[in-house]
Amino acid sequence: MTLRGSGRERVMTPRECFSAAMNHEQPDRLLIDMGKHIGSLHRGAYIKLRDYLGDETMVNENTILDRMAQTVVPDESLLQRFDIDFRWVVPHWVQVTEREDVLGYVDMWGVPYKATETVDHYVVDGAPLLHATVDTIDDFQWPDPHDPDQFKGMREQAKHLFENTDYVIGADAIKAGVLMNSLQMRGFEQFFMDLVIDKEFAEALMDRILSTLKEMWSRYMEEVGPFVQIVYLTDDLGSQTSLLISPKLFREMIKPRIKELHDHIKSLADVQLMFHTDGAVLPLIDDFLEMNVDILNPVQTSLTGMQDTFALKESFGDRLSFHGAIDVQQMLPNATTDELEQEIALRIYDLGRNGGFILAPCHNIGHDVPPENVVTLFEKARKLGQDPASLGNILERDSSYFARHG
Amino acid sequence: MSINDELYDAIVFGERDVVIEIVREAVANDEDVSELLNVTMIPALREVGDQFSTGEVFVPEMLVSARAMQGGIDIIEPLLAKSGHQPIAKICVGTVKGDVHDIGKNLVVMMLKGSGFEVEDLGVDCLVEDFEGAVERGAEVVCLSALLSTTRDEMRSVIDHFKHRDDVRIVVGGAVITQDFADEIGADAYGADASDAVRAVRAALGLASVSS
Numbered sequence: 095m096t097l098r099g100s101g102r103e104r105v106m107t108p109r110e111c112f113s114a115a116m117n118h119e120q121p122d123r124l125l126i127d128m129g130k131h132i133g134s135l136h137r138g139a140y141i142k143l144r145d146y147l148g149d150e151t152m153v154n155e156n157t158i159l160d161r162m163a164q165t166v167v168p169d170e171s172l173l174q175r176f177d178i179d180f181r182w183v184v185p186h187w188v189q190v191t192e193r194e195d196v197l198g199y200v201d202m203w204g205v206p207y208k209a210t211e212t213v214d215h216y217v218v219d220g221a222p223l224l225h226a227t228v229d230t231i232d233d234f235q236w237p238d239p240h241d242p243d244q245f246k247g248m249r250e251q252a253k254h255l256f257e258n259t260d261y262v263i264g265a266d267a268i269k270a271g272v273l274m275n276s277l278q279m280r281g282f283e284q285f286f287m288d289l290v291i292d293k294e295f296a297e298a299l300m301d302r303i304l305s306t307l308k309e310m311w312s313r314y315m316e317e318v319g320p321f322v323q324i325v326y327l328t329d330d331l332g333s334q335t336s337l338l339i340s341p342k343l344f345r346e347m348i349k350p351r352i353k354e355l356h357d358h359i360k361s362l363a364d365v366q367l368m369f370h371t372d373g374a375v376l377p378l379i380d381d382f383l384e385m386n387v388d389i390l391n392p393v394q395t396s397l398t399g400m401q402d403t404f405a406l407k408e409s410f411g412d413r414l415s416f417h418g419a420i421d422v423q424q425m426l427p428n429a430t431t432d433e434l435e436q437e438i439a440l441r442i443y444d445l446g447r448n449g450g451f452i453l454a455p456c457h458n459i460g461h462d463v464p465p466e467n468v469v470t471l472f473e474k475a476r477k478l479g480q481d482p483a484s485l486g487n488i489l490e491r492d493s494s495y496f497a498r499h500g
Numbered sequence: 309m310s311i312n313d314e315l316y317d318a319i320v321f322g323e324r325d326v327v328i329e330i331v332r333e334a335v336a337n338d339e340d341v342s343e344l345l346n347v348t349m350i351p352a353l354r355e356v357g358d359q360f361s362t363g364e365v366f367v368p369e370m371l372v373s374a375r376a377m378q379g380g381i382d383i384i385e386p387l388l389a390k391s392g393h394q395p396i397a398k399i400c401v402g403t404v405k406g407d408v409h410d411i412g413k414n415l416v417v418m419m420l421k422g423s424g425f426e427v428e429d430l431g432v433d434c435l436v437e438d439f440e441g442a443v444e445r446g447a448e449v450v451c452l453s454a455l456l457s458t459t460r461d462e463m464r465s466v467i468d469h470f471k472h473r474d475d476v477r478i479v480v481g482g483a484v485i486t487q488d489f490a491d492e493i494g495a496d497a498y499g500a501d502a503s504d505a506v507r508a509v510r511a512a513l514g515l516a517s518v519s520s
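Chains as they are written, first to last, in the working numbering: chain A, 95 to 500; chain B, 309 to 520.
Among these hints, one or two may not hold up.
So the derived list for chain A, only partly shown, Cβ under 7 Å to chain B, looks like this [stated by the list, open to error]:
hint	residue
1	Val196
2	Val213
3	Glu283
4	Met287
5	Gln323
6	Gln334
7	Gln423
8	Thr431
Rather than coming from a laboratory, the hints here were simulated on the basis of the structure.
For every residue, glycine included, the Cβ atom is placed at its ideal position computed from N, Cα and C.
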């Protein structure tokens, strides 16, 4: 069978490659992803790329995927051009209200956002539960988990993709996770302190968020469960250099709740579960495995403990798969073509052995990334991913971005 | 005056009520609150900052300690002001235009306040004019924070803006900032984390660093 965009016979379809890779067996070729939330193109980067490619089929400039990050939904033509193996179905933004005082909105969790000066993205601008108590949590206007609009049309979309394409079909995240929502609703500083000095409140808030998310995921999986192979969940547990909270506090307060959500979703559908957390989270990877995580995203390779992807694969590769590993914070905006090629080769070499790897940008591709590097990323990844024998020569070259920049 | 161990521990372990009780008692007994601050409270918070740098404590514990410290400072501050006590220096701290991440910046503000500086927190997404305004109000050091690589270059604009001002020092920090980048854009000092920011500000002002 020939798939569009490749021009060559393939033994395995993307979906078959995914199945092999998740069983930690070597697929025919490298899996490549782009286009889900936290992993798409910023509107500014999209416009630059469109102009660079002169591609008139790219018309999604104003089709926003994530309003906060100002990313766009990539056009089908762009996904085909870059030979992307995944197609993501995305829950609709519901129960959002526009603000009248500033350019901004209030999301379904009641968290207000406002646009930055340049409207490059939106920022959290207040914490609706800052003054709440255990007794008043239920008085809050919680999102309606049974809103029929949240997943409207998604069943048809997922079914169509499942029946008419060979792509891996993913259920994109419901924004956001138990910890991140708690931090945003309560205010970062107050909730961090609650975890230490007001555990009763912290637990009550997290439990309320957890029960809401479980109900939403039940409905979500009713719609798309039979057609998707991967689900995406997000939270943030790490900073650039370490963890946001201690492993002990994480295990006591956060982990049991995220695990409960993961177990719930896995009981609803036969899916691989991909968990997103930014940061230097190496000390928690065994915990992620206990939390029923199949795939860790994004492997932020510019950070402490996450640079050594060979060691990461050695330690966890038989039990855990990896998604990401292409740094967008430092490397992708600044790397030369040679450095980019070597970086791609290194991550494929380190993480791609025996499957278990999906190459993708670690985060959204920002407007500081030159369009040349976006094109090089996907073209080289596809080429090198089909030709593992070529990796050795490239790795012998002295063109490591991270070596040059310490 | 020797160190007050009970107060020191109360700050390290974040026991705000205990801090308030001890400081109130000290005030009632007419103790020298300026010494209490310098000999016990500032070193206690510095220890928490050091523990944060070495990964012994994390953001929640540091926030709780800073909150406990603030409980004491709220009592002491009016008394210090009345006695003509001056802060070490006036500082402003803000996240540069286009960047909206503020946990790290907030920790820097807390550490600086807890180290004897008067700090004006300019918040996130700050324009050059915001920093300019703070300097007009007396800030000697401008601390710039950025988490995103897309906003790093905005730091350059702020530094360029103050280039002709010999009386303004610039300290930079944040996730995507390195010593190399700080040198490249001509910052006076670079802080690797919230605790190191205090050292960097002192260095920028030509003050000796304080060991814990």
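Going through the hints against the structure:
For valine 196/A, the interface hint is violated, the least distance from its beta-carbon to any beta-carbon of chain B being 12 Å, above 7 Å. Annotation: valine 213/A was flagged as interfacial toward chain B, and the flag is violated, the nearest CB pair being 10 Å apart, outside 7 Å. About 6 Å separates the beta-carbon of glutamate 283/A from the nearest beta-carbon of chain B, less than 7 Å, and the hint is met. Interface hint status for methionine 287/A: upheld, as the beta-carbon distance to the closest one in chain B is roughly 5 Å, under 7 Å.
Interface hint status for glutamine 323/A: violated, as the beta-carbon distance to the closest one in chain B is roughly 32 Å, over 7 Å. Interface hint status for glutamine 334/A: upheld, as the beta-carbon distance to the closest one in chain B is roughly 4 Å, under 7 Å. At a threshold of 7 Å, the smallest CB-CB gap from glutamine 423/A to chain B is about 5 Å, leaving the interface hint in force. Taken as an interface hint, threonine 431/A does not check out: its beta carbon lies about 19 Å from the nearest beta carbon of chain B, beyond 7 Å.
This entry does not satisfy hints 1, 2, 5 and 8, going by the numbered hints stated previously.
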